[in-house]
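Undergrad: Spelled out from the first residue to the last, the chains are:
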Amino acid sequence: MASPPLDLARPGPRRPARRRRSLVGWRFVSPFMALFALVFLAPIGYSIYLSMYKTKLIGGTQFVGLQNYGDAIHDSQFWTSFARVALFLVVQVPIMLGLALLLALAIDSGRLYGAAFFRISVFLPYAVPAVVATLMWSFMYGTQFGLVRDIDKHLGVTLPDPLSPHLILASIGNIVTWEWVGYNMLILYSALRVVNPSLYEAAAIEGAGQFRIIWAIKLPALRPALVIATIFSIIGSFQLFNEPSILKHLAPNAITTYYTPNYYAYSLSFEGQQFNYSATIAIVMGVATMIVAYAVQLRGMRKAV
Amino acid sequence: MTSQTMKSSRVRTATPPLRAKARRAPHLRRKSVTLTVLCSVMAAYTLLPLAWLAINATKTQQNLFTSFGLWFKGFGFFSNVGSTFSYENGIFGRWLLNTLLYVVVGAGGATMLATLAGYGLAKFDFVGKKAVFAVVIGAVAVPATALAVPTFLMFSKMGLTDTPWAIILPSLISPFGLYLMWTFSSEAVPAEIMESARMDGAGEFRTFFSVSLPLLAPGIVTVLLFNVVTTWNNYFLPLIMLKDQNWYPLTLGLSTWNDQAHTAGGDVVFNLVITGALITIIPLIAAFLLLQRYWQSGLSAGSVKG
Numbered sequence: 001m002a003s004p005p006l007d008l009a010r011p012g013p014r015r016p017a018r019r020r021r022s023l024v025g026w027r028f029v030s031p032f033m034a035l036f037a038l039v040f041l042a043p044i045g046y047s048i049y050l051s052m053y054k055t056k057l058i059g060g061t062q063f064v065g066l067q068n069y070g071d072a073i074h075d076s077q078f079w080t081s082f083a084r085v086a087l088f089l090v091v092q093v094p095i096m097l098g099l100a101l102l103l104a105l106a107i108d109s110g111r112l113y114g115a116a117f118f119r120i121s122v123f124l125p126y127a128v129p130a131v132v133a134t135l136m137w138s139f140m141y142g143t144q145f146g147l148v149r150d151i152d153k154h155l156g157v158t159l160p161d162p163l164s165p166h167l168i169l170a171s172i173g174n175i176v177t178w179e180w181v182g183y184n185m186l187i188l189y190s191a192l193r194v195v196n197p198s199l200y201e202a203a204a205i206e207g208a209g210q211f212r213i214i215w216a217i218k219l220p221a222l223r224p225a226l227v228i229a230t231i232f233s234i235i236g237s238f239q240l241f242n243e244p245s246i247l248k249h250l251a252p253n254a255i256t257t258y259y260t261p262n263y264y265a266y267s268l269s270f271e272g273q274q275f276n277y278s279a280t281i282a283i284v285m286g287v288a289t290m291i292v293a294y295a296v297q298l299r300g301m302r303k304a305v
Numbered sequence: 001m002t003s004q005t006m007k008s009s010r011v012r013t014a015t016p017p018l019r020a021k022a023r024r025a026p027h028l029r030r031k032s033v034t035l036t037v038l039c040s041v042m043a044a045y046t047l048l049p050l051a052w053l054a055i056n057a058t059k060t061q062q063n064l065f066t067s068f069g070l071w072f073k074g075f076g077f078f079s080n081v082g083s084t085f086s087y088e089n090g091i092f093g094r095w096l097l098n099t100l101l102y103v104v105v106g107a108g109g110a111t112m113l114a115t116l117a118g119y120g121l122a123k124f125d126f127v128g129k130k131a132v133f134a135v136v137i138g139a140v141a142v143p144a145t146a147l148a149v150p151t152f153l154m155f156s157k158m159g160l161t162d163t164p165w166a167i168i169l170p171s172l173i174s175p176f177g178l179y180l181m182w183t184f185s186s187e188a189v190p191a192e193i194m195e196s197a198r199m200d201g202a203g204e205f206r207t208f209f210s211v212s213l214p215l216l217a218p219g220i221v222t223v224l225l226f227n228v229v230t231t232w233n234n235y236f237l238p239l240i241m242l243k244d245q246n247w248y249p250l251t252l253g254l255s256t257w258n259d260q261a262h263t264a265g266g267d268v269v270f271n272l273v274i275t276g277a278l279i280t281i282i283p284l285i286a287a288f289l290l291l292q293r294y295w296q297s298g299l300s301a302g303s304v305k306g
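Here the protein sequences come in this chain order: A and B.
Going by this note's numbering, the first sequence wraps up at 305, each residue one higher than the last.
Going by this note's numbering, the second sequence wraps up at 306, each residue one higher than the last.
What the hints contain is simulated information worked out from the structure, not anything from laboratory work.
Be aware that one or more of the hints could be misleading.
Taking beta-carbon pairs under 7 angstroms as the criterion, some of the chain A residues facing chain B (in silico) [said to hold, decoys possible]: (1) Phe-28; (2) Phe-40; (3) Tyr-113; (4) Phe-118; (5) Ser-121; (6) Pro-125; (7) Ala-279.
Subject to a maximum C-alpha distance of 30 angstroms in a straight line, what follows is the list of computed DSSO-like cross-link-like pairs (lysine-lysine) [stated by the list, open to error]: (8) A:Lys-248 <-> A:Lys-153; (9) A:Lys-56 <-> B:Lys-157; (10) A:Lys-56 <-> B:Lys-31; (11) B:Lys-243 <-> B:Lys-157; (12) A:Lys-153 <-> B:Lys-73; (13) B:Lys-243 <-> A:Lys-248; (14) B:Lys-157 <-> A:Lys-54; (15) B:Lys-243 <-> A:Lys-54.
Ideal placement from N, C-alpha and C gives every residue a C-beta, glycine not left out.
Construct all of the structure, not just a fragment, from the sequences and the given hints.
TA: And the structure:
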C-alpha cells in the first residue's frame with residue numbers, strides 16, 4: 001500500500017485507468033438500459049400506480065390502496081380463467097416437452113436415417129407466426145372446408161367438432177404444441193450436443209446400453225436445459241392470448257371474454273375501459289408467473305446438486 | 001465456444017479411437033428403421049399444416065369449399081397472389097412493407113443493443129453491473145403481455161400510439177437476446193485478444209468493432225434471427241397499439257381479413273387469407289433454412305451456461 005503523500009504527489013496511472021474502464025462498461029450497456037427503463041421499468045411502475053386507483057362514477061379517479069387486489073381475489077371470472085391456464089399448463093406442457101425430449105434424444109442418437117431433415121422439419125413451425133398457425137389449424141378444424149369435414153365426408157363418420165366448447169381447449173393445446181415442440185426440441189438437442197463424447201465411450205466400454213446411457217448421462221446433462229424450457233413454457237401458458245383471441249370469431253360460444261387471464265386483462269382495458277382493474281390483473285399474473293418460474297428453477301437446480 | 005462445439009462433433013464422428021470403440025458397441029452406429037418411422041410420424045404432424053396451406057393457396061375461393069383439403073383442384077395460385085396484392089387498393093403490400101420496417105429497425109436495433117450490452121456485461125467491470133444483471137434477468141420472467149396495457153396507456157399519453165414507434169420501441173429490447181449475447185461473449189472473446197488489441201493502442205470501441213465483433217458473429221446471427229421471428233410474428237402489441245390499418249403488420253392484417261367472414265355483411269376472402277398467410281411465412285422459413293449453420297452453432301454455444 002502506498003502512503004498517502006505519495007499518492008497525492010503522483011496520481012498513479014492505475015486508478016484513473018480503472019475508473020475509465022468502469023465508464024467504458026457503462027457506455028456499452030447504457031443504450032440498452034435507457035430503453036429498458038422506458039419500455040420495461042416505467043410500465044411496471046406505472047401499472048403498480050394504476051392498480052392503486054379506481055375510477056368511480058361519482059368522484060372520478062380516487063386512491064383506493066389495495067382494494068383492486070382484494071376485488072381480484074374474490075373475482076370468480078379471474079379464477080375461472082386462472083384455473084383454465086393452470087389446467088392447460090399441467091396437461092399441454094408435459095406432453096409438448098415429452099415429445100420434444102423424445103425427438104431430441106432420437107435425433108441425437110445417431111440412429112435415424114436423415115436426422116438433419118427431422119431436425120429442421122420439426123423446428124419449422126417455430127418460424128410460423130401464431131396468427132398464421134391459428135388460422136391454418138382453424139381452417140383445418142373447420143366443418144366448412146376443413147380436414148375435419150373431409151374426413152367426415154369421405155369416411156362417413158361424424159368427428160366431434162374441435163371448436164365446440166368442451167374441445168376447444170384441447171384444440172388450442174394442439175396448436176400451441178405444434179408451434180413450440182420443435183423449438184423446445186432444439187434447446188434440448190443443443191444441450192446434448194455439448195456433452196463430452198468421451199463419456200459415451202467410457203459407458204460403452206463398460207457395456208452400458210442405449211437406455212442406460214440416456215438415463216445416466218444424457219438426462220442429467222439435459223437438466224438445466226429442461227428447467228429453462230419448462231420455465232419458458234410456464235410463462236407461455238400463463239400468457240396465452242393469441243390463439244384464443246383469433247379463434248374467438250370462429251367459436252364465439254366457446255371462448256369467453258375472460259377465457260385466459262391475459263384475455264381478461266385485455267377485455268377489461270379495451271372493451272370495458274377498466275384500466276385500473278386490468279393493470280391489477282396483469283400484476284397479479286406477473287407475480288404468479290414469477291413465483292412459479294422461480295419455484296421450478298429452485299427445484300430443478302436442487303435436484304441437480 | 002464454437003470451436004469447442006466443432007471439435008466435439010468432429011471427435012464424435014470421425015476420429016479413429018471412437019471407430020475402434022464402436023466395434024464393441026455396434027448398436028451405437030446401426031440405423032433404426034423403427035425410430036425413423038416414429039420420427040416420420042412427428043415430421044408429418046409438423047409439416048401437414050404447411051402442406052395444407054401451400055396446396056390450398058392454389059385454389060379459388062369456390063374450389064376451397066368443394067375440394068378435398070389435401071389435394072389440388074384447379075390452379076389459381078398466381079391469380080390469388082395477384083388478388084392478395086390488389087385487394088382493398090393493395091393494402092397487403094403496405095402491410096408487408098410495414099412488417100419489413102418493424103423487423104429491420106426493431107429486430108436489427110434490438111440485436112445491436114443486446115450485442116453491445118451483452119459484451120459490456122461479459123467483458124467489463126463497472127459500478128452497478130450486478131444490479132443491471134439482476135434487473136434484466138428478473139425482467140425475463142415478467143410476462144411481456146403484462147406490460148402491454150400500461151405501455152399502451154403510457155404511449156397514448158406520449159402520443160405514440162397509432163404510430164410505428166409504438167411497435168418499434170418495445171421491440172428494441174430483448175432480455176433473452178441480451179442473456180444469450182452475454183453468455184456468448186464471455187466464451188467467444190478471449191481476454192488476451194482484447195488485451196493485445198489494447199496494447200496496440202486500439203480504443204475499447206475500436207477493439208470491439210475490429211477484434212470482438214467477428215468472433216461474435218454466430219451469436220449475433222442467432223440473436224438476430226430470433227429477434228426477427230419475434231418481431232415478424234408480433235400480434236399482441238400491434239393489436240392494442242394500432243387503430244389505423246395503414247400501420248398494420250401482416251399478422252394483424254391477415255386476422256382482420258379473416259374476421260371479415262364472421263362479421264355480418266363482411267366480404268369473405270378465405271382464399272386471400274390463405275395465400276397471404278403463405279406469403280407471410282415464406283421469408284422466415286427461407287431464412288431459417290439458409291442460415292441453419294449459423295443459428296445451430298450459436299444455440300449450442302448459448303446452451304453451455306443455460
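Undergrad: Could you run down the list of hints and mark each one as holding or not?
TA: Hint check:
1. Phe-28: Holds: closest Cβ of chain B sits about 3 angstroms from Phe-28 of chain A, inside 7 angstroms.
2. Phe-40: 5 angstroms, holds
3. Tyr-113: 5 angstroms, holds
4. Phe-118: 5 angstroms, holds
5. Ser-121: At 5 angstroms from the nearest chain B Cβ, Ser-121 of chain A passes the 7 angstroms test, so the hint holds.
6. Pro-125: Hint holds; Pro-125 of chain A Cβ to chain B Cβ min 5 angstroms, cut 7 angstroms.
7. Ala-279: 6 angstroms, holds
8. A:Lys-248 <-> A:Lys-153: 26 angstroms, holds
9. A:Lys-56 <-> B:Lys-157: 21 angstroms, holds
10. A:Lys-56 <-> B:Lys-31: 70 angstroms, violated
11. B:Lys-243 <-> B:Lys-157: Between Lys-243 of chain B and Lys-157 of chain B the Cα gap is close to 16 angstroms, so the pair holds against 30 angstroms.
12. A:Lys-153 <-> B:Lys-73: 17 angstroms, holds
13. B:Lys-243 <-> A:Lys-248: 20 angstroms, holds
14. B:Lys-157 <-> A:Lys-54: 18 angstroms, holds
15. B:Lys-243 <-> A:Lys-54: 26 angstroms, holds
Hint compliance for this structure: hint 10 alone is broken.
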